[in-house]
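For chain P, the structure is supplied; the task is to place chain S on it using the hints.
For the protein sequence lines, the chains are P and S, in the order given. Just so we're aligned: the first sequence equals residues 0 to 367 in numbering that gives the first Met the number 0. Just so we're aligned: the second sequence equals residues 0 to 299 in numbering that gives the first Met the number 0.
No lab work stands behind these hints, which were simulated from the structure alone. Please note: incorrect hints may appear among the correct ones.
[To be verified] 16 Å max Cα-Cα, derived EDC-like pairs, lysine to aspartate or glutamate:
1) P/K8 to S/E92
2) S/K82 to P/E199
3) S/K124 to S/D96
4) P/K212 to S/D68
5) S/K125 to S/E171
6) P/K212 to S/E71
[Claimed, not checked] Covered by chain S, according to a simulated footprint, are these stretches of chain P (three or more residues, beta-carbon under 8 Å):
7) 11 to 23
8) 271 to 285
Using N, Cα and C, we set each Cβ at its ideal position, and we do this for glycine too.
Now for the letters of each chain:
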Amino acid sequence: MKRFIGFVKKEFYHIFRDKRSLFILFGMPIAQILLFGFAITNEINNVDIAIFDKSNDATTQEIIQKISASKYFSIKQNITNEAEIETVFQKGKVLAVLVFEKDFKKNLTKDNAAKVHVITDATDPNTANSITNYISAIIGSYQKEINKNSTLEYQIETKSRMVYNPELKSVFMFVPGVMTIILMLVSAMMTSISITREKELGTMEILLVSPLKPFQVIVGKVIPYIFLSIINAIVIVLLSIFIFKMPVQGSLFLLALESVLFIITSLSLGILISTVSATQQTAMMISLMGLMLPTILLSGFIFPISSMPLPLQIISNIIPAKWFILILKGIMLKGVGLCFIWKETLILAGMTLFFIALSIKKYKIRLE
Amino acid sequence: MSISVQHISKSFKKVTAVNDVSFELKEGELFGLIGPDGAGKTTIFRILTTLLFADKGTATVAGFDVIGDYKEIRNNVGYMPGKFSLYQDLTVEENLDFFATIFGTTIEENYELIKDIYVQIEPFKKRRAGALSGGMKQKLALSCALIHKPKVLFLDEPTTGVDPVSRKEFWEMLKRLQQKGITILVSTPYMDEAELCDRIALIQHGKILQIDTPQEIIKHYPKKIYDVKADNMYRLLESLKSFEHHYSVYPFGEFVHYTDKREDFNPQELQQYLATKNHQNIKIEITKTTIEDTFMELAK
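Isolated chain P (complex conformation) (with noise of 0.2 Å):
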């Protein structure tokens, strides 16, 4: 034991004397969950629009008032004519234009239909869409508003209420992907790395002739990493809670214990990397094609996996990341207990023992 607890110490000034990777362990978690969370987001915001209006009478002028009221628009400018529209659009001023027809209000109370015409610049689909959807939801409140005093028949009226994330902010869908990432990050690829060094400087060669057993040295050096990602597990729900006001539904200490089972999953992948990579740099490679490119396109973190054709969907099964994400939604989100994500629990675990006793098996007590 004594001999084991020698071990451990030394991994710990390993890694408190070597910057870097102090950097990486403790820089990242913070540096990212302020990324994801503040600069990118798929929420609109003062989207700046024009106007192009060929009836200028009291009902459109009003439409605009309410637009422009809004925080997720502001009126730029106003254009006079059919050109420039293409013109601001291409000058990159605006992301949408919103034009009405001549005679509106006529049209309206006469023929009881007037049109708006909504123009948005799609190359960035997502915004465009979120664009036109905000304006039709401002018009049809409008609508329903001068309508309130005349009675329509047949009118079906849809409702919609997004439960879990009401506000739809999108720091809530990042938070338990960036965790993910994050402790996959720091468990695998830190812990690959520092086996693999060992093998590099030459100084396996003295632990493999020394009467420390090689579980020893495996469990030795998966010890204090285990220990620091716990932390960033830590930093990085305090920081979702109070900077984001992201809500924790469900049992922290459910959490906690999920995070563990993933920490050690990824340690364990960690390991895996170590056994058949000869030097530092390939197991960073390794680390980083291998597991981080998987995490962040395959787990269902940006992209949903039920948009993915079908052969990815089988392949997104057999990444971790996926499955803990789904068990972080859960609890942070949708507040569940263990009985409604055992599944994806026992998944991980089998996973977690798998790539163990492969790693076992595949460890060599000697140099070839």
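Chain S only, in chain P's frame:
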């Protein structure tokens, strides 16, 4: 027998690294494996330290079989690999303490054994190992390999990349360790270090050329060796090689080592020959045979 190696062979893919090697070390012996880079020295070390399996043959270290009893061997040997395996980001003291701990001992317990060596680096014990000079790194690595009082010490090219003064000191340390009863197997590409061993094995291309005491090996050298010197060494080498009676010619430090085919060789004759080839300041002197001469002869 402290180490016994019987007919060991080892191949990597197509390359035969060790080819039917056998030798034995008595308890407390200082034994040298002498050979150039790529001769198979490191492979033999790795087989004996249980890091590699031999393809053929058997070996025991301190009475334990290298395959069956590898755990016992790992408790009883000290190993200093070719590049000094130290943790560069740990201090001198932390490195030593770490190796003491993983072998289940403490620095204090075996301080007597490493005292001679460690006192020289103790003033720098708070310095990181990465910031030490080559000679100091080597001393630290030796201290780390010794801290658990091993029965057998394996030193793979311990003096490579170390300055001549440190090399000399290092061999004096080995002599003292030997007096404490530790069996030492050391490898080196430097022939001048061979003469400091009790016995040596000359090794090349994975085969042992000869095993004996350095004195015996030198004594059996069949020829008289002459140091030859002149102003233009390169031309001198060419001229000697075109001398019809030459047996061997190779550069040796500031001289050329020359041997003749004939028993009754007269240096005067060579002097005259070289003079006709327009060499200036010719010097020819009989010299002592060294291990290197023997090695060159055997490796022919």
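Hint by hint, here is what the structure shows:
Distance hint between P/K8 and S/E92 is fulfilled; the C-alpha atoms sit about 14 Å from each other, no more than 16 Å. The hinted pair formed by S/K82 and P/E199 meets the criterion: a straight-line CA distance of about 11 Å does not exceed 16 Å. Distance hint between S/K124 and S/D96 is fulfilled; the C-alpha atoms sit about 11 Å from each other, no more than 16 Å. About 14 Å separates the Cα atoms of P/K212 and S/D68, which keeps this hinted pair within 16 Å; it holds.
This hinted pair does not check out: S/K125 and S/E171 have alpha carbons roughly 26 Å apart, beyond 16 Å. Restraint check for P/K212 and S/E71: satisfied, since their Cα atoms lie roughly 12 Å apart, inside the 16 Å limit. Only when three residues or more bring their CB closer than 8 Å to a CB of chain S does the claim for the region 11 to 23 of chain P stand; here the count is 4, and the claim holds. Coverage of the region 271 to 285 of chain P by chain S is violated in this model, with 0 residues showing a Cβ closer than 8 Å to a Cβ of that chain against a need of three.
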